[in-house]
Amino acid sequence: MASTPSALSILKSHFGYDRFRPLQEEIIDQVLGGGDALALMPTGGGKSLCYQLPAMCLPGLTLVISPLIALMKDQVDALNANGISARYVNSTMTASEIEQVQAEAGRGQVKILYAAPERLAIGSFRRFLNAIDLSLIAIDEAHCISEWGHEFRPDYRNLRQLRAEFPQVPAIALTATATGQVREDIIEQLGLRRGRVFLSSFNRENLSYSVEVKEGYWSKLLPLLKAHRGESAIIYCLSRRETEEMVEDLNDRGFSALPYHAGLESDVRRRNQEDFIRDRTPIIVATIAFGMGIDKPDIRLVVHHSLPKSLEGYYQETGRAGRDGLPSECVLFYSYADRARQEYFIDQLEDPGEQANARQKLSRMIEYAELPVCRRKTVLGYFGESWQVDNCGGCDVCLSTESEFDATELAQKILSAVIRTGERFGAMHVIKVLRGSREKRVLELGHDRLSVYGLVTNMSDSELREVVAHLRARGLLERKESEFAVLSVSEAGRRFLRDRESLALPALKNATASQPGRKSRPGNSPVEDFDRALFEELRLLRRTLADSQELPAYVVFGDTSLRQMAALMPQSMDSFAMIPGVGRAKLEEYGESFVAAISAYAKPKNLPDRSPELSEKRITREPGEARPALAEGGARRGTTYRQTREMLDRGMTISQIAEARNLASNTVIGHVERLAAQHEPLNLEHLLPDQVRLAQIKEAFDTCGYDFLKPAWEYLGSAFTYDELRLARIFLRQEASTD
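Every letter in the sequence shown is one number past the one before it in this note's numbering, and letter 703, counting from 1, is 1094.
Source of the hints: derived by calculation from the structure; they are not laboratory data.
Possibly wrong hints are sitting among the right ones.
To be verified - In silico DMTMM-like cross-links for lysine to aspartate or glutamate, where the CA-CA straight-line distance does not exceed 20 Å:
#1 Lys464 <-> Asp409
#2 Lys804 <-> Asp890
#3 Lys871 <-> Asp890
#4 Lys804 <-> Glu741
#5 Lys700 <-> Asp738
#6 Lys464 <-> Asp738
#7 Lys605 <-> Asp852
#8 Lys804 <-> Asp852
#9 Lys464 <-> Glu635
#10 Lys464 <-> Glu495
#11 Lys617 <-> Asp658
#12 Lys700 <-> Glu745
#13 Lys605 <-> Glu635
Remember, it's a predicted structure, so these values are computed and weren't measured experimentally.
From just these sequences and the hints, can you work out the full model?
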């Protein structure tokens, strides 16, 4: 089944885009066709649209199960700003607030409802779900259902019972981080065997990856932060103490930063997160507890001050960067001490299977940090994706342009030291022997009497670790997978020694303090030739509008849209409607303000409106697709309801109004419901069924109550459409209020 014209029109009118991203259309087709789906797409790849758009096409409610309670308000605000009726229920709300939201959903006034998985265990919520028309179940962060995943949440197991209660309701599970083992577990737990799996590339082309030696990290971190001054950044630390110390040090150095960790009072944590999301504070320093609660699209830098315990976790945390598709950086500071700390935590696990699983995950994380192999290739390989490109152009390994040095003699010494120590030790012990360490263990083992002892005293630990990593990457050294990371010399390594082969290695990046920063940017940044001064003015306007509405700035418009505005300089409402991300609701809400600001900047400088010139290149529409309809005079949101009322007064039907205004019928009925709620007198008689059917509907509502549609619909034996019931309910309530 191809995507219906209504789906394409909703994509433009509500989300402001003309084309689907890869896999979105196929996933939406599957869901609208009543099928189950598992969608594996990278962070920032447009997963949410795969259930948000179908929700606008389906007749009933879409239930979204999400663990991100801290994020729900922002998600709902963003949908409402796009003209989509969304609500949430969670533990931060009072019982009366939850009842009000559920009553609105029962009246058909809510299209998307967010809830945490633990709410499924509450009997009253289950009864509510059984009383409404449930059209779709969406499970976000679906990897949380798997014990093999890095963020297993037992409450997600409640979804199995939900699926059993609603076997005919299609389900879509979405995740950005799932290995093959986790994928199979998700399918099994959620009963998706008959559904389709949609696997997108895990590659985030706009992100650059680099690893820096942690020693002397301030000399590397400060240039990074200066390069991103004024932009949003997250710094991840392993402990609460390190988080607080980092914040204090940053503030002392003139950077504005706030902490986020589980040890803070909940209101402090919430306020700090709010300040970060609202752009009041550019840097947040956090433990990994911060990871899942952020949907800020314009984070330009993610720094890991400490080694994560798995590549899954690292991928998800770095995935917070650049969700708007613009270039962003991910930097990991690595030290042997951090590795030892993670190994210590693993040793404390009591279950042998859990311990082995954790050790294997940490081993892959260490490989990412240590081996001089394309970082992108390592990450993608972990998720089972083959990366055939020789140079990704977006990681420190591939961007290295340093000259090579003759490492033949040094490699011989290292390989010989591994052999002389019996191939029973890890890299750090071998390095201590080579550097002539007087540590107790070296002396107790008699390794100070070996011929290789003290052969390399002119190099640091970090430099030698880098060479060891190169030797592993070249296949001369191997690391045995066991409880301890033991080095051994491979057959290729023995041949290298025996045949006296030569070896050249890249100049060591840690020989001198490296300068991380914007060496290069991966991918193609959307709209490079934009006016930066205008862009900054538009950012300021966006911030002002967002603050006045108590919204995050990105809910108004994302940076990608602002760059397009600063490039095309639209100076009319028609031109402004061409900008990606400008849907009907945002056009009516913000169009005049932005057009006025752009015109005030451009006209004194005689800068033309370039929208017509570039629209074919950058903002191509589907053939025959109309621009979003403008309310008369570019008026604000209230005018759209008045237009609907005027058309009703002229005797137009719902379908005629929808066609004339390029709206969905469901949206028009929503206008009528809103007008009725404001006690506007409405002419509805021409929309009603005949007297016999109207009497039947009245009997159903009188018997079942007026709050929920589904009980009345079932009472009538499915002989009426939901739209008929909604319109009749408006009329009957209006009649009752005038009696």
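Hints and how they fare:
1. Lys464 <-> Asp409: violated, 27 Å
2. Lys804 <-> Asp890: With a Cα-Cα distance of about 15 Å, the restraint between Lys804 and Asp890 holds, given a limit of 20 Å.
3. Lys871 <-> Asp890: violated, 25 Å
4. Lys804 <-> Glu741: Since the Cα atoms of Lys804 and Glu741 sit roughly 40 Å apart, the hinted pair is violated (cutoff 20 Å).
5. Lys700 <-> Asp738: holds, 13 Å
6. Lys464 <-> Asp738: violated, 39 Å
7. Lys605 <-> Asp852: holds, 12 Å
8. Lys804 <-> Asp852: holds, 15 Å
9. Lys464 <-> Glu635: violated, 27 Å
10. Lys464 <-> Glu495: holds, 17 Å
11. Lys617 <-> Asp658: Roughly 30 Å separates the two Cα atoms, so the pair is violated.
12. Lys700 <-> Glu745: holds, 13 Å
13. Lys605 <-> Glu635: holds, 18 Å
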